[in-house]
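Student: What follows is each chain in one-letter form.
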Amino acid sequence: MSALLEVEGVSKHFPVRQGLLGRSSGLVRAVDGVSFTIEAGTTFGLVGESGCGKTTTSKLILGLERPTAGAIRFQGENVLALDRAALARYRRSIQAVFQDPYASLDPRMRVGTIVAEPLVINERLDRSARRRRVLELLDLVSLPARAAELFPHEFSGGQRQRVAIARALALSPRLVVLDEPVSALDVSIRAQILNLLGDLQERLGVSYLFIAHDLAAVAHMSHTIAVMYLGQIVESGPAEAIALAPQHPYTQALFAAALPIDLDGPRPEVAVAGEVPSPLRPPAGCRFHPRCPHVMPVCSTDPPALRPHANRSVACHLY
Amino acid sequence: MPSPPVSDPVLARAGLPRPIVDVRGLRTHIVTRWGTVKAVDGVSFQVAEGETLGLVGESGSGKSMTCLSLLRLVPRPAARILGGEVWLDGEDLLAKSEREMRAIRGRRIGMILQDPMSSLNPVFSIGMQMREPVALYHGLRGSALAARAAELLAAVRIPAPAERLRAFPHQLSGGMRQRVVGAMAIAAPPRLLIADEPTTSLDLTIQSQYLGLLEELQDRHRLALVFVTHNLGIVARICDRVAVMYAGRIVEMGPVRRLFTRPAHPYTRALLESIPRLGTRATRLTAIEGQPPDLAHLPAGCAFAPRCPSVMERCRVEAPPETVVEAGHVTRCWLEAPARPGDSPGPGAGPAR
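In order, the protein sequence lines correspond to chains A and B.
Going by the working numbering, 131 is the number at position 93 of the first sequence; the sequence numbering is gapless.
Going by the working numbering, 885 is the number at position 89 of the second sequence; the sequence numbering is gapless.
In case anyone wonders, no lab produced these hints; they're calculated from the structure.
Even for Gly, the Cβ is constructed at its ideal location relative to N, Cα and C.
One thing to keep in mind: the hints can contain errors.
[Claimed, not checked] Part of the chain B face toward chain A, derived, beta carbon under 7 Å:
| id | residue |
| --- | --- |
| 1 | Ser860 |
| 2 | Leu864 |
| 3 | Leu869 |
| 4 | Pro965 |
| 5 | Leu968 |
| 6 | Ser997 |
| 7 | His1026 |
| 8 | Ala1032 |
| 9 | Pro1072 |
| 10 | Pro1088 |
| 11 | Ala1092 |
[What the hints assert, rightly or not] Some chain B residues flagged as far from chain A (calculated, every beta-carbon gap over 12 Å):
| id | residue |
| --- | --- |
| 12 | Gly831 |
| 13 | Val852 |
| 14 | Arg903 |
| 15 | Ala963 |
| 16 | Leu1028 |
| 17 | Gly1029 |
[To be verified] A partial selection of chain A residues facing chain B, derived with a Cβ cut-off under 10 Å:
| id | residue |
| --- | --- |
| 18 | Ser49 |
| 19 | Pro53 |
| 20 | Arg55 |
| 21 | Gln197 |
| 22 | Ala257 |
| 23 | Ala294 |
| 24 | Pro328 |
| 25 | His332 |
| 26 | Val336 |
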């Protein structure tokens, strides 16, 4: 396997402005020194609670935000140093599918037009070639050809998400960012869409950055998982290892709170007290230490580095 | 007027006490531009003291409309409760006047909704909003009122409750807001608490804390709890029994363990199999084919028939009756109906993992 996307020590800090003059009164460290690699043809799962920096990370990768520090390399090339033409090429190789297919599809455009839009903008195809490509894409996501003539409101949530996936695949991207792709869908439809995404990866060799709250879904879809807390990765490694034997106390708490539907499985009551602190004033040392059940004196002073442990990387003084 | 049910054979056999709430044949329809939607179509269930019933189903299956019907808060004039009985401690709520209902809502039936920001008024302090139900139910005033409000906040584990009374909703986190809503819901305390997806807007670790809190409140007040959710993990964690709804009907109901290990209805079985489980990469999920039903144009017979893997001729013609699979476990499926005892279950009908 070769690295498709390398994220190295990337940070994104947002200044908080207050008052009439807009003086900067603080920094939100939304993403703070995050590194990971997405291999070609695999799925990289990013999990964590709201405000942990998952979505900001995906925006940095999509080029919707510029990092404050760090480097992003796509197929070995530094994305942040690309010229206009190269940047346009990069953006074509990275597409996104968002959570709510009711919001991400224009209600006044026919599905055929929606799916064709990236082609119109990026590729010089004549009308009939474009039409062929649209039908091909609809077929790829198991929608009938006549879907092209209909409007989004004529479809159910699951079918709309298929349209969004077809649009994301229109330019044959190498990486698709899936930001909560099934959270807005009915429970009975989620498995259809997850299976479809899996099939498409197998057929097209596309990589996914999969962001979701549903840990079981992430564990099911991903080859590699990274767990974020307050802008930093606290644990990352093979999906199975992390899902079955989480090591970082936060990962343990998160997976314990994920409520498996197995009635007889072990139910470790790792109760985490308190709430996520403000990213404006993250705690010193390990950012999780005020809520950690295993907190030690060193945790409040020294931030732990990600170190290899038990077939993965963990940022915790316990190991 | 029908007399209150004295004892229920199903519950009695299951060894449960007399129900606090007993819903029988509840029907609520909504008139829309696209036709009449049978949002709740003959729903019956009981919940006993200290018991938690999970109400599961996808959006549009009638979970929330069932809850609103219990409170008689269906959106009028589009929605109408057309029939059935709702017994609360031996009184039929559907026979009450609107005035009588007002004394029951909040006081005897508490409700927690999904989004705490929309159940709290943004322009009043937490204290102002807490004092209203407390004054109403307990007739307290002045410092006794403030003290009782602070006590309630402490009961839902809000730190520094006396100071929080001066805070406004926007100054609290989502988890804290939902605790405030919980505190208001148990102010009376009610006999029945309806929680409609109360943790959907909360983060995982906060959700876990909140579920623990609900269990604690239920233990203390012996509430009957109806918990609406689409998350089967939550059902496994806190419910005693579960009712699975599909297109306005309860298609299966029984003790959680029984339903999860030996589901009788193909929809329940498919739901359980379609959910990814931790540590099972590489296996394909068993997806439920087709799309959720169009409620204004339901098929004749069983509403799940178009998506059912074990569908038979009869399913498309005739709606299946409620069948007792085992004491306390009922389902609506022709596979289980006594009229066809010779029918062997369809493929994949064995017990789930």
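Student: Now look at each hint and say whether the structure bears it out.
Tutor: Results for each hint:
no., hint, result
1, Ser860, "14 Å, violated"
2, Leu864, "20 Å, violated"
3, Leu869, "24 Å, violated"
4, Pro965, "16 Å, violated"
5, Leu968, "10 Å, violated"
6, Ser997, "10 Å, violated"
7, His1026, "5 Å, holds"
8, Ala1032, "5 Å, holds"
9, Pro1072, "4 Å, holds"
10, Pro1088, "5 Å, holds"
11, Ala1092, "14 Å, violated"
12, Gly831, "17 Å, holds"
13, Val852, "9 Å, violated"
14, Arg903, "31 Å, holds"
15, Ala963, "15 Å, holds"
16, Leu1028, "5 Å, violated"
17, Gly1029, "3 Å, violated"
18, Ser49, "23 Å, violated"
19, Pro53, "22 Å, violated"
20, Arg55, "19 Å, violated"
21, Gln197, "7 Å, holds"
22, Ala257, "5 Å, holds"
23, Ala294, "7 Å, holds"
24, Pro328, "13 Å, violated"
25, His332, "15 Å, violated"
26, Val336, "23 Å, violated"
Consistency note: the structure conflicts with the earlier hints numbered 1, 2, 3, 4, 5, 6, 11, 13, 16, 17, 18, 19, 20, 24, 25 and 26.
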